[in-house]
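Undergrad: Given next are the chains, with one letter for each unit.
Number of protein chains: 2
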Amino acid sequence: MSDYDVASHTKVRRIPERGHYDEETVHSIIDSSLICHVGFIEQERPFVIPCIHGRDGRTLYLHGAKASRLMAESGSGKPICITFTHVDAIVLARSLFHSSMNYRSVVAFGKGRILDGEEKMHALEVVSESLCKGRWDKARQPTEKELRATSVVAVDIDHASAKIRAHEAVDDQDDLAGPWWAGLLSVERRITEAIPNPDLSEGIETPDHIQARVGETL
Amino acid sequence: MSDYDVASHTKVRRIPERGHYDEETVHSIIDSSLICHVGFIEQERPFVIPCIHGRDGRTLYLHGAKASRLMAESGSGKPICITFTHVDAIVLARSLFHSSMNYRSVVAFGKGRILDGEEKMHALEVVSESLCKGRWDKARQPTEKELRATSVVAVDIDHASAKIRAHEAVDDQDDLAGPWWAGLLSVERRITEAIPNPDLSEGIETPDHIQARVGETL
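If you're matching them up, the sequences are chains E and P in order.
Using our numbering, you'd call the opening residue of the first sequence number 1 and step up by one each time.
Using our numbering, you'd call the opening residue of the second sequence number 1 and step up by one each time.
There may be inaccurate statements among the hints.
If several chains are the same, the list does not tell them apart, and a pair holds so long as it fits within one copy or across any two.
Unchecked claim - In the SDA-like style, the derived pairs of lysine to any residue whose C-alpha atoms are separated by at most 20 angstroms in a straight line are: (1) Lys78 <-> Arg45; (2) Lys11 <-> Ser68; (3) Lys120 <-> Asp156; (4) Lys145 <-> Gly178; (5) Lys78 <-> His9; (6) Lys111 <-> Gln43; (7) Lys111 <-> Arg45; (8) Lys138 <-> Ala194; (9) Lys163 <-> Leu34; (10) Lys163 <-> Gly215; (11) Lys163 <-> Ile35; (12) Lys163 <-> Glu202; (13) Lys11 <-> Ile114; (14) Lys145 <-> Glu44; (15) Lys111 <-> Glu42; (16) Lys120 <-> Lys145; (17) Lys163 <-> Tyr21; (18) Lys163 <-> Ala65; (19) Lys111 <-> Thr206; (20) Lys145 <-> Leu115.
No lab work stands behind these hints, which were simulated from the structure alone.
Chain E with its partners taken away, still in its complex shape (with noise of 0.2 angstroms):
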């Protein structure tokens, strides 16, 4: 495992302990994340767009309608930049000043251009791992006109940082005796049920790779 360049863009100015640039790090808040946020400029305006994503070493795979705005601008080669973020905490300290939260995020960013043929396919499979390991071989596969409607988008990231702050409240020396109350309430993301949809036939069971996720923490 390596480390990303820093780069004046994406270095961790405020609160810089709390900045990391090596790959472990980076790729496992990456991995972990459900979504991502996809920000691309659309005539001098930012856009940021909620988006599911894959992961293959140092490249992204994003997915979507070929007619979505996220595809056509995202795929077209200019900067991108996409974000990554877990709330663990709502952080209340004595002081509102010193009040914050836990979380766990990735900025990274990168150019991306659109995907043919093989690594298409490929990319496609990263994502659908990636949002439900197992399922790729257990539904139904994509058609021709499928692939044709569907845009998958690379990109390479170039530079990449993650933000982390993982601690109780801090308060200033002058207040800890104070009669204000401080500490963390802990907030987590999780699979509750798998619903079977209405339509389902008589006789198909909800598969384990399924069933065994609910209870699971995003």
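Once you've looked at the hints, dock chain P against the given chain E.
TA: Chain P only, in chain E's frame:
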């Protein structure tokens, strides 16, 4: 309650029936979001940064360290985009092509301005109460020095749209009798625990307005 004007950059083009422009829908998604993702342009590069927020009418408030890139750029009067996303389920259709997510998202556009004086204090209270209702009066108030180190940005929303998917998997007619499972994996974000700080003075109990939030979905 009225509607946001529809603009070319906020019109939901892909699957237009998922688009909503009424204040009630847009604001309820904003208000129930724990964080937002702010998009801005710096040196022709898009940035997407996670941030906490508050809302008063059609105005969004963001805050952060005065020295941060986010505050400098979002308060500069250039166009910014603020996106709010809830994930409600992973939608697993029989076909990979129709697999999707259930979500509620808002994409809002406006220009930011740095606040001062009374409006700044009001905005800080709105952000604080949005994150933890009842806390503003019960925590240690900001000092003059802390206020000087904090920037607060107001963004008057000029255009916004919501996009919602909230239903079961929808497959092609030809696939309904096939051997594949279809359904939802429901996803929920919730507060799981209130954890008092290790350095809390003896005798300070977790306040009701904090303890009562354990179990709340976000």
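Undergrad: Determine for every hint whether it applies to the structure shown.
TA: Comparing the hints with the structure gives:
In this assembly of identical chains, the alpha carbons of Lys78 and Arg45 lie at most 20 angstroms apart whether taken from the same copy (13 angstroms) or from different copies (9 angstroms). In the homo-oligomer, the alpha carbons of Lys11 and Ser68 lie at most 20 angstroms apart only across protomers (12 angstroms), although the nearest pairing inside one protomer, at 32 angstroms, exceeds that limit. Taking identical chains as interchangeable, the C-alpha atoms of Lys120 and Asp156 lie at most 20 angstroms apart only when both belong to the same chain, with a minimum of 14 angstroms there against 41 angstroms between chains. Within a single copy, Lys145 and Gly178 get their C-alpha atoms only as close as 67 angstroms, which misses the 20 angstroms cut-off; across copies the closest is 19 angstroms, which meets it.
For a Cα distance limit of 20 angstroms, the shortest separation of Lys78 from His9 qualifies both inside one copy, at 16 angstroms, and across copies, at 18 angstroms. Within a single copy, Lys111 and Gln43 get their C-alpha atoms as close as 17 angstroms, and across copies as close as 15 angstroms, so both meet the 20 angstroms cut-off. For a Cα distance limit of 20 angstroms, the shortest separation of Lys111 from Arg45 qualifies both inside one copy, at 17 angstroms, and across copies, at 11 angstroms. Taking the shortest Cα distances, Lys138 and Ala194 sit within 20 angstroms of each other inside one copy (16 angstroms), while across copies they are farther apart (41 angstroms).
For the homomeric pair Lys163 and Leu34, the shortest alpha-carbon distances inside one copy (18 angstroms) and between copies (18 angstroms) are both at most 20 angstroms. In the homo-oligomer, the alpha carbons of Lys163 and Gly215 never lie at most 20 angstroms apart, since the shortest distance is 27 angstroms inside one protomer and 27 angstroms across protomers. Taking the shortest alpha-carbon separations for Lys163 and Ile35, both the intra-copy value of 17 angstroms and the inter-copy value of 15 angstroms come in at or below 20 angstroms. Proximity of Lys163 and Glu202 under a CA criterion of 20 angstroms is satisfied in neither setting, with 48 angstroms inside one chain copy and 33 angstroms between copies.
In this assembly of identical chains, Lys11 and Ile114 lie within 20 angstroms of each other by CA distance neither inside one copy nor across copies; the values are 28 angstroms within and 24 angstroms between. With identical chains, the CA atoms of Lys145 and Glu44 are never at most 20 angstroms apart, being 34 angstroms at best within one copy and 37 angstroms at best between copies. With identical chains, the CA atoms of Lys111 and Glu42 are at most 20 angstroms apart both within one copy (14 angstroms) and between copies (16 angstroms). For the identical chains of this complex, Lys120 and Lys145 are intra-copy neighbours only, at 14 angstroms inside a copy versus 54 angstroms across copies, given an alpha-carbon limit of 20 angstroms.
Proximity of Lys163 and Tyr21 under a CA criterion of 20 angstroms is satisfied intra-copy only: 9 angstroms inside one chain copy versus 34 angstroms between copies. In the homo-oligomer, the alpha carbons of Lys163 and Ala65 lie at most 20 angstroms apart only across protomers (15 angstroms), although the nearest pairing inside one protomer, at 31 angstroms, exceeds that limit. In this homomeric assembly, Lys111 and Thr206 never come within 20 angstroms of each other (Cα to Cα): the closest approach is 39 angstroms inside a single copy and 48 angstroms across copies. Taking the shortest alpha-carbon separations for Lys145 and Leu115, only the intra-copy value of 16 angstroms comes in at or below 20 angstroms, while the best inter-copy value is 53 angstroms.
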